[in-house]
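Engineer: Given next are the chains, with one letter for each unit.
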Amino acid sequence: DQQVKQNSPSLSVQEGRISILNCDYTNSMFDYFLWYKKYPAEGPTFLISISSIKDKNEDGRFTVFLNKSAKHLSLHIVPSQPGDSAVYFCAASAERIQGAQKLVFGQGTRLTINP
Amino acid sequence: ETGVTQSPTHLIKTRGQQVTLRCSSQSGHNTVSWYQQALGQGPQFIFQYYREEENGRGNFPPRFSGLQFPNYSSELNVNALELDDSALYLCASSLVGLAYNEQFFGPGTRLTVL
Numbered sequence: 002d003q004q005v006k007q008n009s010p011s012l013s014v015q016e017g018r019i020s021i022l023n024c025d026y027t028n029s030m031f032d033y034f035l036w037y038k039k040y041p042a043e044g045p046t047f048l049i050s051i052s053s054i055k056d057k058n059e060d061g062r063f064t065v066f067l068n069k070s071a072k073h074l075s076l077h078i079v080p081s082q083p084g085d086s087a088v089y090f091c092a093a094s095a096e097r098i099q100g101a102q103k104l105v106f107g108q109g110t111r112l113t114i115n116p
Numbered sequence: 714e715t716g717v718t719q720s721p722t723h724l725i726k727t728r729g730q731q732v733t734l735r736c737s738s739q740s741g742h743n744t745v746s747w748y749q750q751a752l753g754q755g756p757q758f759i760f761q762y763y764r765e766e767e768n769g770r771g772n773f774p775p776r777f778s779g780l781q782f783p784n785y786s787s788e789l790n791v792n793a794l795e796l797d798d799s800a801l802y803l804c805a806s807s808l809v810g811l812a813y814n815e816q817f818f819g820p821g822t823r824l825t826v827l
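As you go down the protein sequences, you meet chains H and B in turn.
The first sequence begins at 2 in my numbering and counts up one residue at a time.
The second sequence begins at 714 in my numbering and counts up one residue at a time.
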């Protein structure tokens with residue numbers, strides 16, 4: 002069962018415009034959500050996170066919105082830059098295994114920023 | 714500060730063989746998690762090691778096993794390889810003790826099983 006879903010395998014956005022990546026989850030026990038960015042031949046890199054007690058977290062050009070009632074979160078990138086072209090993974094955590102989370106990932110969305 | 718490193722980068726094995734993948738955690742980190750990323754999918758949690766003991770496991774059979782060493786580096790062992798084991802294997806290190814400790818990923822080992 003896919004507990005975290007990213008229904009858009011790919012997204013193409015013009016440079017300077019807003020990129021919106023979406024993620025849905027089914028497990029109501031998830032209490033922490035993260036976005037990771039992955040370039041080819043590199044491991045995922047942490048981008049931004051949000052706790053379930055918040056509905057928005059902002060870090061520079063990146064903002065994550067959480068809608069708990071809809072079990073939906075989104076990542077907004079404004080303005081989009083060519084260097085943002087990568088695969089973006091949404092991840093969620095519910096289980097604290099003596100400290101470090103067990104992360105449940107979505108399938109990823111490939112974002113392409115066109116000049 | 715040295716990041717997470719993994720070896721080898723690529724590996725080709727045949728069905729039924731055994732493989733060992735290695736991970737060196739980021740300096741100061743005491744926890745290592747292993748993930749399997751199949752083509753076109755997101756990473757899937759295999760297990761985690763903390764204080765040299767397995768500390769949680771995902772939905773993977775016992776032929777997936779691991780070790781963590783006193784220097785916090787780790788190995789992932791897979792016995793009786795199957796074609797479906799072909800994937801990118803990622804390790805992530807973190808420092809337990811913080812409320813929501815960030816996991817830092819290595820570049821991965823690409824395993825191909827023929």
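Keep in mind the hints are simulated off the structure, nothing from the lab.
Beta carbons: idealized from backbone N, C-alpha and C, even for Gly.
Check before you lean on any hint, since a few could be wrong.
Unchecked claim - Selected chain H positions facing chain B (Cβ under 8 Å, derived; list incomplete):
1) Phe31
2) Ala42
3) Leu48
4) Ser70
5) Gly107
6) Gly109
Said to hold, decoys possible - In the DSBU-like style, the derived pairs of lysine-lysine whose C-alpha atoms are separated by at most 35 Å in a straight line are:
7) Lys6(H) x Lys726(B)
8) Lys69(H) x Lys55(H)
9) Lys38(H) x Lys55(H)
10) Lys103(H) x Lys726(B)
11) Lys103(H) x Lys72(H)
12) Lys72(H) x Lys55(H)
13) Lys38(H) x Lys69(H)
14) Lys38(H) x Lys726(B)
15) Lys6(H) x Lys55(H)
Engineer: State for each hint whether it applies.
Structural biologist: Hint-by-hint comparison with the structure:
Residue-level restraint check for Phe31(H) is violated (minimum Cβ-Cβ distance to chain B is 13 Å; threshold 8 Å). The beta carbon of Ala42(H) comes within 6 Å of a beta carbon in chain B, closer than 8 Å, and the hint placing it at the interface holds. With its C-beta approaching chain B no nearer than about 11 Å, Leu48(H) sits outside the 8 Å limit, and its interface hint is violated. With its C-beta approaching chain B no nearer than about 23 Å, Ser70(H) sits outside the 8 Å limit, and its interface hint is violated.
A least Cβ separation of about 5 Å between Gly107(H) and chain B falls short of the 8 Å threshold, and the interface hint therefore holds. At a threshold of 8 Å, the smallest CB-CB gap from Gly109(H) to chain B is about 5 Å, leaving the interface hint in force. Proposed proximity of Lys6(H) and Lys726(B) is supported: the alpha carbons are some 32 Å apart, at most 35 Å. The straight-line distance between the Cα atoms of Lys69(H) and Lys55(H) is roughly 9 Å, inside the 35 Å bound, and the hint therefore holds.
For the hint linking Lys38(H) to Lys55(H), the alpha-carbon distance of about 22 Å falls within 35 Å, and the restraint holds. With a C-alpha separation of about 28 Å, the suggested pair Lys103(H) and Lys726(B) falls inside the 35 Å cut-off, and the hint holds. At roughly 19 Å between alpha-carbon atoms, Lys103(H) and Lys72(H) fall within 35 Å of each other, so this suggested pair holds. Among the hinted pairs, Lys72(H) with Lys55(H) is consistent with the structure: their alpha-carbon atoms are about 13 Å apart, no more than 35 Å.
Restraint check for Lys38(H) and Lys69(H): the C-alpha separation of about 23 Å stays at or below 35 Å, so the hint holds. For the hint linking Lys38(H) to Lys726(B), the alpha-carbon distance of about 29 Å falls within 35 Å, and the restraint holds. Among the hinted pairs, Lys6(H) with Lys55(H) is consistent with the structure: their alpha-carbon atoms are about 21 Å apart, no more than 35 Å.
When the structure is compared with the earlier hints, violations turn up for hints 1, 3 and 4 and for no others.
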